[in-house]
Every structure is written in C-alpha cells, then in structure tokens.
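This is what each chain is made of:
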Amino acid sequence: MSETKSTNIILFSGDYDKAMAAYIIANGAAAYDHKVTIFHTFWGLNALRKDEPIKANKTLLEKMFGKMMPRGAEKMGLSNMHFAGMGPKLIKKVMKKHNAMPLGDLINMAEEQEINLVACTMTMDLLGLQKAELRESSQYAGVAAYLGEAEDGNVNLFI
Amino acid sequence: MSETKSTNIILFSGDYDKAMAAYIIANGAAAYDHKVTIFHTFWGLNALRKDEPIKANKTLLEKMFGKMMPRGAEKMGLSNMHFAGMGPKLIKKVMKKHNAMPLGDLINMAEEQEINLVACTMTMDLLGLQKAELRESSQYAGVAAYLGEAEDGNVNLFI
Amino acid sequence: MSETKSTNIILFSGDYDKAMAAYIIANGAAAYDHKVTIFHTFWGLNALRKDEPIKANKTLLEKMFGKMMPRGAEKMGLSNMHFAGMGPKLIKKVMKKHNAMPLGDLINMAEEQEINLVACTMTMDLLGLQKAELRESSQYAGVAAYLGEAEDGNVNLFI
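Residue numbers (my numbering), protein chains in the order written: chain A, 26 to 184; chain B, 26 to 184; chain C, 26 to 184.
FYI, nobody ran anything at the bench for these hints, they're computed from the structure. Idealized CB from N, CA, C, for every residue including glycine. Hints may be right or wrong, so weigh each one.
Straight-line alpha carbon distances no greater than 30 Å define the calculated DSBU-like cross-link-like pairs of lysine-lysine that follow [stated by the list, open to error]:
#	chain 1	residue 1	chain 2	residue 2
1	C	LYS60	B	LYS100
2	B	LYS83	B	LYS100
3	C	LYS118	B	LYS88
4	C	LYS122	B	LYS156
5	C	LYS60	B	LYS30
6	B	LYS121	A	LYS88
7	A	LYS121	A	LYS75
8	A	LYS75	A	LYS114
9	B	LYS122	A	LYS83
10	C	LYS88	C	LYS156
11	A	LYS60	A	LYS80
12	A	LYS75	B	LYS122
13	C	LYS75	C	LYS60
14	C	LYS117	B	LYS80
Partial chain B-side listing against chain A, Cβ under 8 Å, derived [as the list claims (entries may be wrong)]:
#	residue
15	THR29
16	LYS30
17	ILE49
18	ILE50
19	TYR57
20	PRO95
21	VAL119
22	HIS123
23	LEU182
24	PHE183
Based on the provided sequences and hints, a complete structural model is requested.
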C-alpha cells in the first residue's frame, strides 16, 4: 500500500461556501500527500476566473454570460438562502475574526501545493470562457480525463 | 485488474444542469466500459418522467405533487439562481449553438449505452409516482440495491 | 475481502430533504455492517443541534447566527424551490401518511446503529456553536480525521 492515494473533486457549484469546502478538503488531502485534482465544471469554473476583465473576441451571448457570472472567487455568492440577505460579506467578516482563510487564499494555497486545477473545456466552450480569462495555473481537460483519474481514486466527490 | 470498473451516481437533484452533469459523466463512464448505474431519488426522479400526462388512480395530494413536479427532463429548472430570470431556455439556445446535447438526448444515449436507470421505489411511494409515468427503460430498487453496487464501485457520486 | 467496508458522508447541506437522503443512506449502510461516519460541516451542522435554546456565552454575531440557523433537524428547510411555498410541513404530512421516518427519527436510529456523528470543529468555531448546543452523541473532529477515514472508504459522498 505504498502507492500514492488520490483525491478527485468535481466542483460543479458556483457557491462561495461550497467552493470553500472543496478547497479545504483538497488542501487537506494534499497535506496528506494525496495526488489532488479539482475538476471545475459548469458554475464551478467561476472560481478560476481572474478578477479583472479580459479583452476577448466574443459573441453577444458570450459577453452577457461573462458579465452575469461572478469574476473570480471572491465574487461568488452563498448556497444558503437564509443568509442571502447578508451574504458572503458577513461570512467573510466572521472568517476574518476567526483567522479562517478566504476562498482566494485557499486557491493560492492549492496552487502552492501543486493541486491540479482543471477547467472543463466543454463548459468553457458553452459559456464562451477563454483561457486568457482563467488563472495561469489552470489545466484544460474534459470528462474523459476526469474519469481516467477518478476510476483509481480514493476520495471522489461531487460538490 | 481486468475486472469491470463501475460508476454509481445518485441523482438527488431536480435541476436541469445537475442532471446534465450526471448524464455526461455517466455516458463518459459507459464509453470507458464501466458498468454504470444512475439511482434517481427524490427530485432526480423527474428526469425519468414521461412528457405526457398518464392517467393514474391517485389521491388529491399525489395529484398535486404530480402537477407541481416537472414532467420529464426538458421541463426541469436550473440550479443557479443568478440565471433564474432567463433559465433553461437560454442555456438550451447556447447549447444548440455549440452542438451540445440537451438532457433528453443525453438520457436517450444513456439508454442506448445500457446504463442502468434506476428509480428509487421509496421516493415513488412517497410522491405517488407510478411505473406507468416513468420511462419504459426504468428499473426499480431501493437504497439496499444502491449500496450493494456502490460498495464495490470505483466512482461514486451524489449529485 | 472479509474486512469491514466503510461509508463516509460529508453532510454540508442544511436542507431537510438532503439530510434525509444522507441519513437514509447511512442507516442502510450500517444495516449492511459498514462502518459509517457522517461528517457534519457548514450548514449540515444544524442537523445535530438540540431543539431547545442553550445558554452560552457568545458574541453578538454568534448570537445572531445561532438565532438565524435552524435549531435541530425538524426545523430545517427544503432544497427544492418549487416547494418552498408549502415546505417541509407538507412533505412531513406525506411522509406520515406513508409511514416514512421523519429526519429526527432517522438521526435517532443512526445513534442506535452507532453511526459516528461527527461535528466539524472548524465550522463550530466559525459559527460560534458550542458542544452544549449539539447532541450528546456528537463527536468532534476536523477535515484531517475525515480524510483519514475516507481514503480507505468504499462509499464516499458529499451531500
């Protein structure tokens, strides 16, 4: 049992708190010497977007999607409706008070731990997102690559 | 390692985009020669409903549930609140433009690939759904059958 | 293959129906002689809260969170927006009619089956929840303990 264990997380959700959970588990698994991959698909792709707007040649629909979707981790909303009124700002205030890491820092740590941050190419195509709009550390793959990793994985989660 | 690998997905969600993700992964895994099962429970059961209304002997409450729940894959809504205004119609337009398969076609493909489409009998009983209302290819089982498959599975996901 | 199989569920969601699904799977797996752990994190922690208010020394923000979050399983809301109007009350009525177990009973059964009900200590710290507010059967651990179990687990789910 000396072989490397692996954790493969599909991040489908665009919610701030769910993305936090994904990155906390991923960073924990990397600290345990797992090979870790986060496969960002659908709304989860927003976690990899750069903060600043990127000039890109887009159709009208793609531009609209680009504007409507949160640009980067810190712009994502919460999953829990009961908190919608206060939202991520309050959560971030509480997190700061408890020295918990905001999502952006968790993603930076994931990069430092060499976690594979994969962007789903099918979703990119669908929503008109381009490589220039995503973090430099992003890798690009489809569902086949995910399955190739996950079928031998130890911890596979859909978040 | 020549034995068949298996993918077991619990589809709990009644969201159009989550069901798409479930069926894209399932079809991918089937193409990889996995034995694939999608266990439809709670709101995920709606993906298996036939489009047309079926005459059935129901209580008032069951009739009400039947009317309120979307009848078939193409009637399901989106998980992402930010898009609620535009909803599945816009997504479908974008998908069509990119030649992506709508959910109904993904389910048909799953049938062709002999993916096991299982309807959770406990949920059927709870919501008053009857076999005649679900796709002919549906199989019927409970949580015990799911666990029997999943405990030896390679990729187990809850969507 | 005579070793004990294990099921490890992360319950992130605070939705009544998702918590039901988690506990139904967990109880099923325990009946199959799996070692079962439910790791309650973020909003999932509400399932472990006691019904009655507990006197605790809290900051204003913590008091606010404590009031806003549902106190115990039976106060949790539904995931499905289409039913928001009627909510858990109708579901419970339907469940009663079909002799299905409400969430509170499913949790009691989990305790009887010696399922490990773990409260995520990071979330407790973040939301200002104290041990006195949670079920006596609760265990306390962080993500590292979860990963230690899950990396050798058979069925790992994020709900």
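Cross-check of the supplied hints:
| no. | hint | in the structure |
| --- | --- | --- |
| 1 | LYS60(C) / LYS100(B) | 39 Å, violated |
| 2 | LYS83(B) / LYS100(B) | 22 Å, holds |
| 3 | LYS118(C) / LYS88(B) | 15 Å, holds |
| 4 | LYS122(C) / LYS156(B) | 20 Å, holds |
| 5 | LYS60(C) / LYS30(B) | 23 Å, holds |
| 6 | LYS121(B) / LYS88(A) | 17 Å, holds |
| 7 | LYS121(A) / LYS75(A) | 22 Å, holds |
| 8 | LYS75(A) / LYS114(A) | 20 Å, holds |
| 9 | LYS122(B) / LYS83(A) | 14 Å, holds |
| 10 | LYS88(C) / LYS156(C) | 15 Å, holds |
| 11 | LYS60(A) / LYS80(A) | 34 Å, violated |
| 12 | LYS75(A) / LYS122(B) | 26 Å, holds |
| 13 | LYS75(C) / LYS60(C) | 25 Å, holds |
| 14 | LYS117(C) / LYS80(B) | 26 Å, holds |
| 15 | THR29 | 11 Å, violated |
| 16 | LYS30 | 5 Å, holds |
| 17 | ILE49 | 6 Å, holds |
| 18 | ILE50 | 6 Å, holds |
| 19 | TYR57 | 6 Å, holds |
| 20 | PRO95 | 19 Å, violated |
| 21 | VAL119 | 6 Å, holds |
| 22 | HIS123 | 6 Å, holds |
| 23 | LEU182 | 4 Å, holds |
| 24 | PHE183 | 6 Å, holds |
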